[in-house]
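Chains as they are written, first to last, in this note's numbering: chain D, 1 to 885; chain H, 886 to 1000.
Keep in mind that the hints were calculated from the coordinates and are not lab data. We treat Cβ as the ideally placed atom computed from N, Cα and C, and that holds for glycine. Keep in mind that a hint or two might mislead.
Incomplete in silico selection of chain H near chain D, CB under 8 Å [as the list claims (entries may be wrong)]:
no., residue
1, PRO910
2, GLY913
3, GLN932
4, THR934
5, PRO937
6, PHE963
7, THR985
8, ALA989
9, ARG990
10, PHE992
11, ARG996
Far from chain D, some chain H residues (derived; all Cβ distances over 10 Å) [as the list claims (entries may be wrong)]:
no., residue
12, VAL907
13, LYS918
14, LEU940
15, GLU943
16, GLU945
17, THR984
What the simulated footprint calls covered on chain D by chain H, stretch by stretch (three residues with Cβ under 8 Å from a Cβ of chain H suffice, anywhere in the stretch; the number is not a length) [stated by the list, open to error]:
no., region
18, 23 to 32
19, 769 to 775
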Amino acid sequence: MRALNRFFSRTGNFVTRRRSDERLREELEQHVVLQAEENVRGGMSPEEARRQALLKLGSIEVVRERYSEEKSLPLLECLQQDTRFALRQLRKSPGFTAVAVLTLALGIGANTAVFSIVYSALLQPLPYRDASRLMVLNETTPRVGVVSVSYPNFLDWRAQSHTFSQMAALDAVSFNLSGVTEPESISGLAVSPNFLAMMGVQPVIGRDFEAAEENQGTAPVAILSDSLWQRRFAGDAGVLGRAIVLDGRDFTIVGVLPSNFVAPSKTDVLIPIGVWITNNSEEAHDRGDRGDMPVIGRLAPGMTVTQATSEMEGIESRLAKEYPAANDNYGVALQPIRDVFVGQTRPALLVLFGAVIFVLLIACANVANLFLVRGTGRTKEMAVRMALGASTSRIFAQMLTESLVLSVLGGLFGLGVAFAGVRGIGRLIPAGLLPGGAAGLNIPVLLFTAGIVLLAAFVFGITPALHWNRTDVQSELKEGSRSSSAGTAHSRVRGALAIVEAALALVLLVGAGLMMKSLYRLLQVDPGFRTDQVLTMTMSLRPDQYSKVPAVRNFWQQVLQRVRELPGIESAAVATNTPMSGNHGRNDITIEGMAQPRPGNYPHPDGHVVSPGYVQTLGISLLRGRSFTEADKEDAPLVAMINQRLANQFFPNQDPIGKRFMFGHPNTEQQPKWRTIVGVLGDTKLYGLANLSRLEVYVPFRQAPSGQMDLLVKSRVDPAALTSALRSAVYSVDKDQSIASIATMKQLVDNSLATRRMTLVLLGLFSAVALVLGAIGIYGVISYSVAQRTREIGVRMALGAPREGVFRMVIGQGVKLAGTGIAIGIFAALGLARLMSSLLYQVSTADFGTFTFVAVLLLLVAFAASYIPARRAISVEPIVALRYE
Amino acid sequence: MKEKTEVQQGTLALMVLRTLNVLGPLHGYGIAKRIEQISGDLLSVNQGTLYPVLLKLEQEGSIASDWGSSENNRRARFYRLTRAGQKQLRAETENWEKTTTIIARFFEVKREDLA
């Protein structure tokens, strides 16, 4: 309590700057007077009395010192003094300050910007209760990898698992929302009723789903997302109990989700899984039907991921034995829920974070270098201070304070850089990466920046500060000459810093070079389809209005007809599962005459339902046979096309034309529906340029029309200009039909490269900064060394050294520093590049060309950086130089 | 010349508290003089060091101070014990007595007593 009182008083005194020792002076004076009076009474002369009184009081300086130490907080006092002194020093050398602050601002700003992205993608807590306990479960097959879960299997999982306290199934659904304004295509999730409770999310208004809503036949109800609620109902709380028209059916609104709600896929609306079962009864009861239904589970208290994984594997293998027709060969995969959001971007983000820390280190090395240059000029100042009794630790503290002040200034400007940076990077990051929406400068990010500022101050402050310790005070004062013993030690440290910079810059440049080469290689990949002048438009028809096959066929036929009439259109087609759309539909097929494989081992191609004109519109190459025509009608013989890969794999050395296959497995109860292969198409890169080609089959759309198709248009003009004409063409067929998305094929391909492009742009930017800073570092070292050696150079030239020799000596110095840095950097890069191997495409992490190019580039830069000081060196007039003596 | 003992700060503080308790409000010089008198000149304080101790006690809340008028009619700072100071003094006195008792016993003990 007393200690606390004392601390508060001291802090109070410190803050209010009540530090005047007026009171003490007065008290001491009074003390002396009283003592002197007493002494006079004792018989002394007034002068002697005062002298004795003063003697008795002791050293006033010591008293005053102890008094003021007691009064305030000495440590803070020092810090304040040092800070004020540092600011004064920095003001005195504005050039130094500006360069140092700018360099640091760049380093700290870039770090803050990248960290804010890393934070919101990888670290920010997901808006679920105890999100680290939530796992996403999927089934797997050895051939395809992760597929989703069939509903009957989910029910068995949930019943048998003990390692999970709760499980919920999520089926992605999409709806045509109509009845209010313009029709809109929205996406949602059909979820088990315990889903929200398990995630720890509560509706802001209304209720959660109830257990009974898991059953078939339950009444259609919906919980709206906040954005849909705002968009369609202006946030009206009276919306509860009203109906929303989804796919032409009324759903009663029972609740609204909080605004920070996110789901693994875009979600405008939640419906209970019972409604989905009602509408998709067949699918929901088919154990072999794995649509688009991941499962989320919450680990039971005390259970680990390993325990859960082994339990689930056990359950899955029991299910495989019990239902071999549907489950043989299937496994199960668990992943933390965050992985679903971050996915494959994690390595890219980590590489970028590492890179940006390198940039900061280079910036620190540069500033340390600047400090050392300036320090040389201050050697004498320091020596004088030490001679006057300043302790080494006190000088050390003061040097570090100077670094800290500089670093804080750099940090403040760095926040400006970061602000601009976050907005710039925001445009580069792949959509959907950040679960919390946009990245920003929030509290954790600012704390990180503060940490970086401290760290930077320490990193670049420690070298010069430590260096002072070794300064020999005596020799400094004695010699009084311009060449000091510290000089050589200094230049050695500075050389080392320049080498470090070169090494770090090389690593960054190698990273950027490898990314650039990958992206170049990727852009060279032939996707197998045309990306220019093609527009895709995604639509899904309302099942109630288009419940019959003829209606669906009719709708698409009419749309195609209207679109083909538009000016500027070269060709148009409709198709399912078009490249880059992210949609896929895969089916097992049975090829006539093949040996019957195990259930998980049937050929499992991607299937496309396409209209005639698809091959021309996308410019896919027709290798053999023919493509579909209008003659491939509903009542015509069943036909199909296959891709080259399927042809090579299943019809090696044969002509596949005329061979037959059917969808599904042989079934004794049904007459097999064989399809005759009429054409072979080139492979298309369905899921991105870097992905391997897959097996593909095509069937004519009139023989299997689908309610969810993409309209593809190849135009003579810029396809983006056609969007409104295309929209009205669709509305003229059905004014209530929504359009889910419109994009040019080029945009879709670009989006598929977003992560790589972001990595490349940022790595390129960072390595450019590194290169410039490194060049400045080398330039600084060389030009300073030239300035210091002016006299020596003058003597050499006076003694007849040729100019070229001097020139070569100076350049050589710079190149030697860079060379050493490059050698170290190459070793480091060989190790570090392996961390980014997953980001590369057909480029080795030790790519000889990239390494060579980067090394040569750095050498050239070092040459250029040494060139100016070298010119200066040979322009030294021997006479002038010697006159210094 | 008499041997003089250097006083520790903690002890000095206790003496200050005790002096103020016995004599009531006093200025710095008065406190110093009392301490000197009572210790019979055994204790020489570099009298100035008293003032940082007074400040410390004041910041801790054990004593308080006000300007007043001294015997020679000059402005002087008078220190007085606060309620917290009285409590502290009681506690420390008790503590001190306990310590001295124990130490005293150690000095009294003879070899035979322990046998």
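Here is how each hint holds up against the structure:
1. PRO910: Violated, about 14 Å.
2. GLY913: The hint holds - H/GLY913 has a Cβ within 8 Å of chain D, the shortest such distance being about 5 Å.
3. GLN932: Given a least distance of 5 Å, the restraint on H/GLN932 holds.
4. THR934: 6 Å, holds
5. PRO937: OK, holds: H/PRO937 within 8 Å of chain D, min 4 Å.
6. PHE963: 11 Å, violated
7. THR985: 23 Å, violated
8. ALA989: 29 Å, violated
9. ARG990: Not OK, violated: H/ARG990 not within 8 Å of chain D, min 30 Å.
10. PHE992: 32 Å, violated
11. ARG996: 43 Å, violated
12. VAL907: 20 Å, holds
13. LYS918: 8 Å, violated
14. LEU940: For H/LEU940, whose nearest Cβ neighbour in chain D is about 5 Å away, the distance does not exceed 10 Å, so it is violated.
15. GLU943: 8 Å, violated
16. GLU945: Violated: least Cβ distance 4 Å, not greater than 10 Å.
17. THR984: At about 20 Å from chain D, H/THR984 clears the 10 Å cut-off, so the statement holds.
18. 23 to 32: The restraint on the region 23 to 32 of chain D holds, since 7 of its residues have a Cβ under 8 Å from chain H and three suffice.
19. 769 to 775: This one is violated; 0 residues, fewer than the three required, reach chain H with a Cβ under 8 Å.
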